[in-house]
Each structure stands twice: as structure tokens, then as C-alpha cells.
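Asks: Each chain is listed here by its residues.
Number of protein chains: 2
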Amino acid sequence: MQRHFVQELEALKLRLIKMGSLAEEAIAGAIKALLEHRGDIAERVMAQDPQINSLEVEIDDAVVDLLALQQPVAADLRFIVAALKINTAVERIGDHAVNIAESARQYAHGTEIPMHPDIPRMAEIAKKMLRNVIDGFIHKEPSLCRAVLANDDEIDDLNKKILKDLVVMIRQNPAVLDQALELMRVSRNLERVADLATNIAEDVIFMAEAHVVKHHHDQKS
Amino acid sequence: MQRHFVQELEALKLRLIKMGSLAEEAIAGAIKALLEHRGDIAERVMAQDPQINSLEVEIDDAVVDLLALQQPVAADLRFIVAALKINTAVERIGDHAVNIAESARQYAHGTEIPMHPDIPRMAEIAKKMLRNVIDGFIHKEPSLCRAVLANDDEIDDLNKKILKDLVVMIRQNPAVLDQALELMRVSRNLERVADLATNIAEDVIFMAEAHVVKHHHDQKS
Chain P
12 MQRHFVQELE ALKLRLIKMG SLAEEAIAGA IKALLEHRGD IAERVMAQDP
62 QINSLEVEID DAVVDLLALQ QPVAADLRFI VAALKINTAV ERIGDHAVNI
112 AESARQYAHG TEIPMHPDIP RMAEIAKKML RNVIDGFIHK EPSLCRAVLA
162 NDDEIDDLNK KILKDLVVMI RQNPAVLDQA LELMRVSRNL ERVADLATNI
212 AEDVIFMAEA HVVKHHHDQK S
Chain D
12 MQRHFVQELE ALKLRLIKMG SLAEEAIAGA IKALLEHRGD IAERVMAQDP
62 QINSLEVEID DAVVDLLALQ QPVAADLRFI VAALKINTAV ERIGDHAVNI
112 AESARQYAHG TEIPMHPDIP RMAEIAKKML RNVIDGFIHK EPSLCRAVLA
162 NDDEIDDLNK KILKDLVVMI RQNPAVLDQA LELMRVSRNL ERVADLATNI
212 AEDVIFMAEA HVVKHHHDQK S
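Protein chains in written order, with our numbering: chain P, 12 to 232; chain D, 12 to 232.
Since the hints were derived computationally from the structure, they do not count as laboratory data.
A few of these clues could be false.
[Said to hold, decoys possible] Only part of the chain D face toward chain P is listed, based on derived beta-carbon distances under 7 Å: (1) Val17; (2) Leu20; (3) Ala22; (4) Val75; (5) Gln82; (6) Ala86; (7) Val187.
[Said to hold, decoys possible] Simulated crosslink set (EDC-like; lysine to aspartate or glutamate; CA at most 16 Å straight-line): (8) Lys171(D) x Glu135(P); (9) Lys175(P) x Asp189(D); (10) Lys171(P) x Asp189(D); (11) Lys43(P) x Glu135(P); (12) Lys175(D) x Glu152(P).
By construction, the Cβ of each residue, glycine as well, lies at the ideal position given by its N, Cα and C atoms.
Whenever a hint applies, use it, and build me the whole structure from the sequences.
Replies: Structure representation (C-alpha cells):
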């Protein structure tokens with residue numbers, strides 16, 4: 012039984028790692044589609060989202076089975092509860108990647124405004140945050156996650172700046188409206204990705220330290 | 012032990028009902044602030060969000076304790092796992108109420124455009140969805156939740172229509188830009204509230220029927 016339990020936990024961890032990688036690829040793909048005007052990559056990101064959704068359902072089921080059949084306690088229980096919460100957050104990151112991909116497809120149709128330079132920067136930070144929380148989870152390394160909590164403020168500031176700059180651009184030239192609205196949507200979705208990465212960081216720290224760090228940061232949109 | 016367990020489950024349920032009511036009030040308050048240009052109500056919604064955040068942490072802790080100490084199985088386990096997921100969703104609904112309240116405060120400063128008539132309509136549907144999923148959860152009544160799944164498409168259509176109309180309004184008169192952007196933000200946040208209510212509906216149905224209904228609907232922003 013005990014050996015079986017260890018294997019089940021390991022299988023759960025591998026599935027979450029796979030899901031995290033898929034979400035990371037989806038965000039990277041959506042951003043590449045946006046920056047390189049690649050509608051084809053945007054389509055691919057959208058087409059792959061059902062795979063993330065299926066994994067979410069599989070992981071939820073595996074968690075319920077583990078809780079029911081193994082009745083874990085202490086660190087194992089915290090790991091499993093964290094897995095359930097991280098699972099929900101990663102699935103939502105996949106949804107935000109789809110939103111960004113949709114905007115990338117729309118943005119690629121226009122030629123009115125250049126890319127806002129802070130969007131690629133914001134995307135890099137968000138991707139790094141996601142990578143760090145997944146690594147932090149895999150290696151049970153809360154220090155990687157603490158760095159993520161600090162990144163979140165930087166992302167919030169970039170998002171505010173981008174939205175403000177785009178409003179100025181629309182005022183100066185209303186013809187850029189459609190494209191500027193898509194870039195605003197991208198910025199807000201990246202901000203939400205960073206926010207979800209922050210939630211995951213909190214869950215990993217909870218798992219590793221049995222210490223609640225929630226609500227140091229609140230969700231913005 | 013068994014009697015204690017029943018009491019603990021009841022206490023968890025009461026806390027979730029309280030949290031659901033607070034989130035419902037927050038959404039209602041934010042919408043009232045928006046429609047009646049009441050910055051004071053918007054401030055109150057923002058000031059009350061920490062209460063929802065604290066309840067989220069309390070509920071998570073209670074769930075971990077219940078799982079560790081009582082090792083529930085079958086229907087009780089499904090209830091507790093659903094509680095954990097619903098908890099996260101309700102906390103996010105509170106965050107969206109804060110976003111709407113922020114927009115209400117900004118919108119109240121301008122006089123450029125009238126309210127889009129579909130926003131109050133969308134708000135009514137979103138509030139009804141939230142009420143139905145909370146009732147569905149309390150009374151373990153999945154039929155209330157099935158209706159919510161149908162509402163979600165209506166909300167998506169309203170959101171698309173509102174965003175499109177507002178773009179037309181900005182084109183006709185760029186002076187409305189700031190207020191129109193706030194209304195877009197409100198519309199998107201209401202759409203997310205409906206989406207989270209849909210997630211809760213799926214969790215309640217899962218709890219009641221041990222049947223996964225996820226990903227019939229996907230998240231939009």
C-alpha cells in the first residue's frame with residue numbers, strides 16, 4: 012500500500028509538471044504569435060487548449076482517488092491539496108494563453124500601431140514567473156516562489172503603464188483603436204497570468220512550509 | 012467522532028454560505044455604485060474585500076483539518092473537495108467585484124456617455140447565476156446549477172455585443188474613451204463572474220452526482 016501511494020503521488024506530480032509545461036508552451040506560443048504576426052501559431056495554441064482541460068479533469072480525479080483511498084496526512088496531504096489548487100490555476104493560465112492567441116490573430120490583421128515595447132518585457136517576466144513556480148513546485152523549493160511574489164508588483168506597474176500609453180495612442184490617432192484594444196487585452200491577460208503564478212507560488216509555499224501567505228497581493232484586471 | 016465530523020461539515024457549509032453572500036453583496040454593491048454614480052458604495056465594496064479574503068484562508072484551513080483528522084470518503088469527500096474549489100472561485104468573484112467598484116468610481120467622474128442598457132441586464136443575470144449556484148450548493152440541488160450552465164452563453168453574447176457597441180461609440184466620439192473603457196472593463200468582469208459561477212455550478216453537479224461536467228464552457232475575457 013505504502014509503495015503504491017508513493018507511486019500515485021509521483022504520477023500526480025508528473026501530470027502537474029506536464030500540465031505546467033503545456034501552459035508555459037501555450038503562453039510562449041501566444042506571445043510568439045503576437046510578436047511575429049503568426050496567425051498559424053495562434054491557431055495552434057487555441058487547438059491545444061483542450062489537452063490542458065483534459066489534464067485538469069484527470070488531475071482532479073486523481074486527487075479525489077488519492078484522498079479517498081490513501082487518506083494521506085501531514086506533508087502528503089498538504090502536497091495533494093496544493094496540487095488541487097495549482098491544477099485550477101494552471102488550467103486558467105491555459106485559458107489566458109487562448110485569449111492572448113485570439114488577440115494575436117486579430118492584431119496580426121492590422122498594421123496601424125507598432126508593438127508596445129513593454130509587452131514583450133511583461134511577457135518575459137510572466138513566463139519566468141510561471142517557470143519558477145513550476146520549478147518551485149517540482150523541487151519543493153519555496154525560495155523560487157518568494158521571488159515570484161516580488162515580480163507581481165513589477166507586472167502590475169507595467170500593466171498600468173501599458174494601458175495608460177495605449178489610451179494616449181488612441182487619443183492621438185483614433186484609427187489605432189482596434190489594435191490598441193487587442194494590446195490592452197494582451198496586457199491584462201498577462202497580468203492575470205502573473206497573478207495566477209503568484210497564487211501558485213503561495214500554494215507551493217503553503218505546501219512546503221504549512222504557512223499561509225495568501226492575500227499579500229490581490230487580483231487586478 | 013462522527014457527531015463532531017457532522018458539526019465540522021456543517022460549520023464549513025455555513026462559512027461557504029457566508030462567503031457566497033458576501034460575494035453576492037459585493038457584486039450587487041459594485042453594480043449599484045456604477046448605475047447610481049455612488050462612489051461611496053464603491054469605496055465600501057473595496058473596503059469589505061479583505062473580509063472575503065480572510066474567509067477564504069479560514070475555509071482552506073478548515074478543509075485541510077477535516078481531510079487530515081476525519082479522513083472522509085464518498086459523498087463527504089466530494090463535498091469537501093467541491094468546497095475547496097468553490098472557495099477559490101468565490102474569492103475571485105470578490106476580486107471582480109472590487110474591479111467593477113474601481114470602474115464605478117472612475118465612471119462616476121465623467122458625464123460623457125450614458126450607461127449601456129445591456130450592462131444592468133448582464134449584471135442581473137450574473138447575480139442570478141451566483142445566487143443559483145450558492146442555493147444549489149446549500150440545498151445540494153444540481154437542477155439549479157444546470158440552469159446556470161445555460162445562462163453562460165447568454166452572458167458571453169451580451170459581453171460581445173457591449174464591447175462592439177462601445178467600440179462604435181468611441182469611433183463616433185473619441186471624447187467618450189475613458190468612460191467607455193471603464194464600461195468595457197465592467198462588462199468583461201461581469202463575464203468573468205458568470206464564468207466563475209459556471210465553474211461553481213460544475214463543482215456542485217460533480218459533488219451531487221460524481222459526474223464531471225467541466226469544459227462544456229471555456230473561459231473568455
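Asks: Which of the numbered hints above does this structure break?
Replies: Of the numbered hints, 1, 2, 3, 6, 7, 8 and 12 do not hold.
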